[in-house]
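Top to bottom, those sequences are chains A and B. Per the working numbering, residue 1 is the first one in the first sequence, and the count goes up by one each step. Per the working numbering, residue 1 is the first one in the second sequence, and the count goes up by one each step.
There could be a bad hint or two in this list.
Where chain A lies over chain B, by a calculated footprint (3+ residues, C-beta under 8 Å) [said to hold, decoys possible]:
| no. | stretch |
| --- | --- |
| 1 | 76-87 |
| 2 | 109-115 |
| 3 | 234-240 |
So, partial list: chain A residues that the calculated Cβ filter (under 7 Å) puts toward chain B [as the list claims (entries may be wrong)]:
| no. | residue |
| --- | --- |
| 4 | VAL19 |
| 5 | ILE21 |
| 6 | ASP23 |
| 7 | GLN26 |
| 8 | MET32 |
| 9 | PHE34 |
| 10 | ASN36 |
| 11 | GLY38 |
| 12 | GLN42 |
| 13 | CYS44 |
| 14 | GLN49 |
| 15 | VAL50 |
| 16 | GLU51 |
| 17 | GLY53 |
| 18 | ARG54 |
| 19 | THR55 |
The set of hints was computed from the structure by calculation and includes no laboratory data. Beta carbons: idealized from backbone N, C-alpha and C, even for Gly.
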Amino acid sequence: MARYFLLLIPLLVPACQSVSIADQAQLSKPAMSFDNSGARLQECGLTSQVEKGRTVTGTSSGGGCASCH
Amino acid sequence: MKSHTILLSLLPISSSLAEDDDTSFRKHLFTGLQNIDVEYEGLFSSNLDVQRGSFSYQQEREKWTFALSYFQTKYGLEYEPFAPLGGSDNRLDESNHQGSLSIGYTLQNDIETSVSITSYDGFSDYRSIWIAEYYRQTFNFPGSGYFAPDPEGFSITNRWGWDSQIGTSLSIDLSYSEDTIAPGWTFGSPANDLLKNRIVSIRWEQAINSSLKTETSFSYSDITDREPRLNLQSSWNFALTNEITLGAQLGGSREESDFDSLYGGLSLTYEVNEYLSLKLNGRLYTDSGEIETSGFNSAAPEINTAEIGISALIEHGDHAFQLGISSFINKYKDTAPDNEFFTNLYKNRDWITVRAAYTFEF
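The shape of chain B in the complex, shown without the other chains (with noise of 0.2 Å):
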């Protein structure tokens, strides 16, 4: 009985103890500068909706640097054949789940490394949910060899970056890749649904003055099956005054044997308080149309869009918010004659997207 009483006795104390060393281990685990950016975003249309949402939390630790994220995408299609050439309607329901790990470390004279992770599964984008459709109607009979795709693929990044003096700041990320995709099919076999992409990218920050600042851009992407793909861009920010500030942005890409795309844009910020700035930006976009290399034509004709919107940022003490609408429209050249299956696919599209984010630092 004494003995149980001793035991008795003694379990508020060990519960106490845990209790501490939980609370210790919290507090060693969550130290440092943090912060949590929780973001949604959606592209809506009339037959075709894509919806992302995301969490991420990263943790700064004297030289250690520590991110992860999680983000799901959502889409929603009403499939519409072209009539012509039957098939049936049908609505797709898909989703994408996608998760990253990055640990950076600083090193001597303002140089950063980091390595950063990401894995995927599920389709990335709304168009192969589409061609997928199709391949499945016209292809799943017996004895076709038809198989029912599963997107997934990684990736593995390394970045480098320098900030050399105040206003200028480099770095270099070096990126490796693998997508296995929906493959393309023709009577008999799919084509390659395995894709190795490598990419190296130039990223170069410089203010000139305490005005004007601006950011170049170049990548070079290898990707299976294709050549090479370039691009440039650069971004020019202008403070027009205390409040007001001018974006402008150009850029464009190539590929051969004849895909360019050329894109540019400009922006308006100003800064209504220490709380609150609205920012109006419109932008245009344009390209010469993809390149096919599957063996079948799904490629996606020449296209023009253009996107104005409207964005608040609300930033008070360790949060921010930002809520921004546009109005985002696409017109595609008209689908070549052997690629009219995807007619209701590369169609014109008036589009709303809508983000809201939100950023907690402590």
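Chain A on its own, in the form it takes in the complex (with noise of 0.2 Å):
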């Protein structure tokens, strides 16, 4: 469970960090946006069907069976 702690470090490192509206261009292509969707999201969603322990953009939840929901 401690591994799990180590990705809290994002948490601590922005607190403390503002940018300005000059930096908007760089940071809004579509290389550094994480809520990208149609053409500019680039993953294959399917493959949560077979990873169940991961978050996966686009995806539909349920409709699987009792053991494997």
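Make one complex out of these two single chains by using the hints.
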């Protein structure tokens, strides 16, 4: 369980930072965005059919079977 | 005769007025910032195929946002029973239809809220089709009480988003869903076939400087017959140069009593010119195997997967097109003695994934 606390590090780093409007151009590129959709989402959501413990954008939930949902 | 002439001469006028009204109505209906997404995804192995197509329309009008989506997923399986335990080979073809509607509104101080409703009909993964076929072959005999599954469900999600300052956004999703599933069977009775799921998801995106951005997300889901599952994920995008961006992701899930998953990946995006960018990505995933709760063990054993892929994004004016392909490998640990019925379902597979998508903004 301790390994999950490593994931909390990003929560601490940004807390004391800020960016200006001049940085917007670079930050809004598709390669820098996390909430892309449509053609700018470059991940096949169907792999979640196999990997049940991973968060994947754009997949539907539920509808499985009693033991594999 | 005269009145006929008058009527006939009025007809084009009234027809013209109707056309004007129709055009005006369409202009009024389709206004604001709009976009259309058309997507195709495929997951292919030697005896299992999953293909999904979708169409989405979104419109932003002043403070309102409307979105409509339709998904169709098709499954093709060559069912193969574990020979020593009997059963017969069978070709299985199933499909899943899903529709969703979302309405959003921007409040003061850049706070957005939305409500989304999704409904679907059909199996939502290939494994439940395989397992349902096993139950059909094993329990479908006179007097068994067996009935064919008819999976369906709905979900409703309320999202709250806040862009507090440049480079910072926070969102919270509250979801409730009900799924009528293919139940697990034992002799004489099926297991629970209605799952109720409550999910809280929090997502925080933060730009640290002009070349580094992070996203941290956390979700808590509580589903019928199971302990709550927690998922934590951290993603980083770092612009090495104006043209090259490095992405990194690390995440994991935990569910009592003994389910753990851990995954991570790296990607490299190269902006060839203003129209074309190429992306190379690789990632690894592992979990400890699913927890059995249905009284009959059909749970997947421990699994390790790896994926490496490449994709291209072409953007030109209001149009964007993406094409990607990857090699996706999964390796399962051997099934336990109480679920070796599913040895051929949980066997190692080499998959190819394909994704093509088109977006038009107008």
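Outcome of the hint check:
Evaluation of the coverage hint for the stretch 76-87 of chain B: breached, as 0 residues show C-beta separations to chain A shorter than 8 Å, against a requirement of three. Note: the stretch 109-115 of chain B has 0 residues with beta-carbon separation from chain A under 8 Å; the three-residue rule is not met and the coverage is violated. With 5 residues having a beta carbon nearer than 8 Å to a beta carbon of chain A, the stretch 234-240 of chain B meets the requirement of three or more and the stated coverage holds. At a threshold of 7 Å, the smallest CB-CB gap from VAL19 of chain A to chain B is about 4 Å, leaving the interface hint in force.
Proximity of ILE21 of chain A to chain B holds as hinted, the smallest CB-CB distance being about 6 Å (cut-off 7 Å). About 4 Å separates the beta-carbon of ASP23 of chain A from the nearest beta-carbon of chain B, less than 7 Å, and the hint is met. Evaluation of the GLN26 of chain A hint against chain B yields a held restraint, the C-beta minimum of about 5 Å falling below 7 Å. Among the interface hints, the one on MET32 of chain A holds; its C-beta lies about 5 Å from the nearest C-beta in chain B, closer than the 7 Å criterion.
Against a cut-off of 7 Å between C-beta atoms, the interface hint on PHE34 of chain A holds, since the closest Cβ of chain B lies about 4 Å away. Hint status for ASN36 of chain A relative to chain B: violated, with the closest Cβ pair at about 10 Å, above 7 Å. With a least beta-carbon distance of about 4 Å to chain B, the hint placing GLY38 of chain A at the interface is held under the 7 Å criterion. Residue-level restraint check for GLN42 of chain A holds (minimum Cβ-Cβ distance to chain B is 5 Å; threshold 7 Å).
Nearest Cβ of chain B to the Cβ of CYS44 of chain A: about 4 Å, under the 7 Å cut. The hint holds. Residue-level restraint check for GLN49 of chain A holds (minimum Cβ-Cβ distance to chain B is 5 Å; threshold 7 Å). Checking VAL50 of chain A against chain B: minimum C-beta separation of about 5 Å stays under 7 Å; hint holds. Hint status for GLU51 of chain A: holds, given a least beta-carbon distance of 5 Å to chain B, under 7 Å.
A cut of 7 Å between beta carbons decides the hint on GLY53 of chain A: the least distance to chain B is about 3 Å, and the hint holds. A hinted interface residue such as ARG54 of chain A counts as satisfied when its beta carbon comes closer than 7 Å to some beta carbon of chain B; here the least separation is about 5 Å, so the hint holds. Here the hint on THR55 of chain A is kept, as its CB sits about 5 Å from the closest CB of chain B, short of 7 Å.
Hint check: violations occur at hints 1, 2, 10; the rest are consistent with the structure.
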